[in-house]
Amino acid sequence: MKLRVDVDGESYSLDLERNGSGSAYCLQGKEESRGAASLVEIAPGVFSVLLGHQSFTVYIFENNGVLDVVAASQRHTVSIADARDRAAGNKQAAAAGPAEIRAQMPGKVIKLLVTAGATVHAGQGVIVVEAMKMQNEMKSPKAGVVARIRVQEGATVAAGEAMMVVE
Amino acid sequence: MRVIRALREMQIPSVAVFSEVDRGARHVQMADEAVPIGPAASSESYLSGVRLLEAAQVTGAEAIHPGYGFLSENAAFARSCSEAGIKFIGPSWQSIEQMGSKTSARRLAIAAGAPVVPGTEQGIGSLAEARSVAASIGYPVLLKAAAGGGGKGMRSVTSEAELESALRSAASEAERAFGSGEVYIEKLIGRPRHIEVQVLGDEHGHIIHLGERECSIQRRHQKVVEECPSPLMLRNPSLRQDIGEAALRIARRVNYANAGTLEFLADQDGRFYFLEMNTRLQVEHPVTEWVTGIDLVRWQIRIAAGEKLSLDQHDVQWNGSAIECRVYAEDPANNFFPSAGRLGHYIEPSGPGVRCDSGVYPGWTVPIEYDPLLAKLSVWGESRPAAIQRMRRALEEYRISGITTNLPLFEQLMTDPHFAAGQLHTSFLDEFMTTFAAPADTSALIACVLAAAHLRPAATNGGEEKGAVNSWRAAGRRSLLR
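Sequence lines, in order, name chains A and B.
If you count by my numbering, then the first sequence holds residues 1 to 167, one letter each, in order.
If you count by my numbering, then the second sequence holds residues 1 to 482, one letter each, in order.
You may find that some hints are simply not true.
[Claimed, not checked] Pulled a few chain B residues facing chain A out of the computed Cβ check, cut under 10 Å:
| # | residue |
| --- | --- |
| 1 | Ile-86 |
| 2 | Asn-335 |
| 3 | Glu-348 |
| 4 | Pro-408 |
| 5 | Met-433 |
| 6 | Phe-436 |
| 7 | Ala-437 |
| 8 | Ala-438 |
| 9 | Asp-441 |
| 10 | Arg-456 |
Because the hints were derived from the structure by calculation, they are not lab data.
Glycine included, every Cβ here is placed at the ideal spot set by N, Cα and C.
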């Protein structure tokens with residue numbers, strides 16, 4: 001079967017063929033890797049994975065519909081969909097549209113670094129938010145124009161609250 | 001948790017206190033009794049001396065161990081404990097008060113004949129005064145909040161042109177953080193190392209030192225990796241005795257009793273200067289316990305009970321090498337920004353020479369109200385290289401899902417040749433971070449993907465993205481239940 005896999009925002013296609021307790025895989029992304037794997041769920045959300053003879057223990061934690069996956073020192077956010085599904089394509093289309101800058105956790109807006117109408121480049125700092133006594137400069141995810149600013153300096157924001165829109 | 005464990009071993013019943021958000025915390029589960037002391041805001045719970053004393057009185061507790069942080073270095077609280085007839089497990093309130101301000105601690109150190117960093121002994125009154133002091137000790141200089149700690153109100157100034165604005169911002173930051181805008185000036189030591197000395201004294205005038213800890217690996221002036229012995233001592237063994245004796249001279253000036261730590265800056269040649277004293281147990285005390293075999297918390301309790309310290313200076317032996325890493329819920333790749341959320345899996349390392357002091361468990365939510373320290377992982381090895389190897393192994397066993405932690409940073413650090421060579425200084429981590437990137441491991445990524453595909457087979461049947469739909473439905477149902 002063919003699957004579309006999204007790992008940390010990067011898209012991969014996975015070809016999986018089961019044979020008994022093992023399976024043959026082919027993962028295509030920036031580069032291609034293929035091989036044989038054996039997989040056992042040893043506790044809820046804990047998998048023993050053998051890639052060839054290389055042993056991994058993989059921990060999967062489902063959080064708000066997203067899979068948080070840890071193996072070796074690596075931690076990835078993974079979502080899985082059927083290859084025929086259009087969702088991944090839609091997501092890419094969305095990336096081309098407006099981007100909202102949201103608060104990661106409850107906090108306070110310390111400083112607005114841009115004004116509405118300003119042109120920003122991807123990665124440019126646009127707003128400084130303080131949470132847990134730490135100031136964090138949030139960056140624009142894309143190049144564009146600041147379409148809307150929904151908060152003022154000094155405002156308290158909730159986790160996930162949209163503070164700014166870049167188009 | 002650390003204190004409760006010591007009490008258990010001594011068969012003394014324990015009482016934990018907790019704020020509303022900490023009802024589910026592990027120290028509450030572990031203690032014999034637990035008392036709520038107020039809302040999440042620490043100013044109305046853990047920082048409220050009145051509530052703490054009430055909790056002690058309600059449960060009939062004879063003593064309070066203040067831990068570290070919160071009220072552990074608050075002379076007024078220690079005083080109200082003694083007035084209420086409850087033993088404060090720590091030094092006398094007078095000692096805390098005398099060491100409480102960095103400027104007064106500095107005067108004491110000078111009186112004790114201990115070396116201090118050249119600079120002012122009092123807060124700077126005016127810009128003109130700042131100019132003349134800075135000129136006389138020579139740039140670069142460091143501005144520091146007299147009442148401060150943790151890097152707040154601290155500014156380095158490389159030339160006179162920067163002095164005015166640095167002074168203004170340091171004073172206003174200090175005012176906001178500590179309620180006092182008093183700022184002083186001292187000489188900035190190039191590439192300094194942070195070396196501190198553990199002391200332990202009883203209430204009968206006997207005091208010894210337990211050697212040094214090196215805490216030069218810091219981010220935002222906060223320690224993240226500590227070790228004993230300092231690599232500096234390995235090169236220059238007489239340094240331990242010199243710095244230990246200087247520490248004892250200062251501690252004796254205030255008749256210091258119980259556990260305390262004197263912090264020094266050392267330059268790369270091993271010249272050292274007294275900075276300040278922490279009149280409490282330190283977060284990083286396990287490395288000293290590993291190497292000396294002395295249980296500091298147990299001694300704190302025995303000393304507070306009036307016992308004599310049965311150890312003499314020559315009884316203290318330093319064996320092997322210990323390292324501690326402070327595991328934080330924070331993202332090293334994003335300027336150490338705190339990471340909130342719920343812990344998924346939580347697997348602590350174990351095995352020979354490994355100790356993990358933690359207060360978390362799977363399903364626990366990192367409270368946004370407090371410092372996001374999850375655990376202190378410490379290891380012991382026969383030598384420093386062995387300790388580093390053991391720390392690497394322990395870090396590889398440590399698995400946390402659900403939130404971002406600084407574990408990958410420590411794994412990288414333990415393979416760094418400069419760290420291995422002991423070439424440490426307080427800007428080490430800042431410089432290290434410029435090259436830090438979480439290592440990419442294709443095999444681990446494949447393992448992640450295959451396990452995820454195994455967990456979500458629903459998405460593979462039919463092509464209607466059932467898994468995702470189901471989880472949305474489940475989320476909808478959960479929200480109806482709230």
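The hints, checked one at a time:
Restraint check, Ile-86/B versus chain A: the minimum CB separation of about 30 Å is more than 10 Å; hint violated. The beta carbon of Asn-335/B is positioned within 10 Å of a beta carbon in chain A (closest approach about 7 Å), and the interface hint is therefore held. The beta carbon of Glu-348/B is not positioned within 10 Å of any beta carbon in chain A (closest approach about 13 Å), and the interface hint is therefore violated. Taking 10 Å as the C-beta cut-off, the interface hint given for Pro-408/B holds, the closest approach to chain A being about 5 Å.
Contact between Met-433/B and chain A, as hinted, is not supported at the beta carbon level, the nearest pair being about 16 Å apart and thus beyond 10 Å. Because the smallest distance between the Cβ of Phe-436/B and any Cβ of chain A comes to about 13 Å, over 10 Å, the interface hint for this residue is violated. Proximity of Ala-437/B to chain A is violated relative to the hint, the smallest CB-CB distance being about 12 Å (cut-off 10 Å). Nearest Cβ of chain A to the Cβ of Ala-438/B: about 7 Å, under the 10 Å cut. The hint holds.
With 10 Å as the threshold, the beta carbon of Asp-441/B comes within range of chain A, its nearest partner Cβ sitting at about 6 Å, so the hint holds. The interface hint given for Arg-456/B is met, as the beta carbon of that residue sits about 5 Å from the closest beta carbon of chain A, less than 10 Å.
Consistency note: the structure conflicts with the earlier hints numbered 1, 3, 5, 6, 7.
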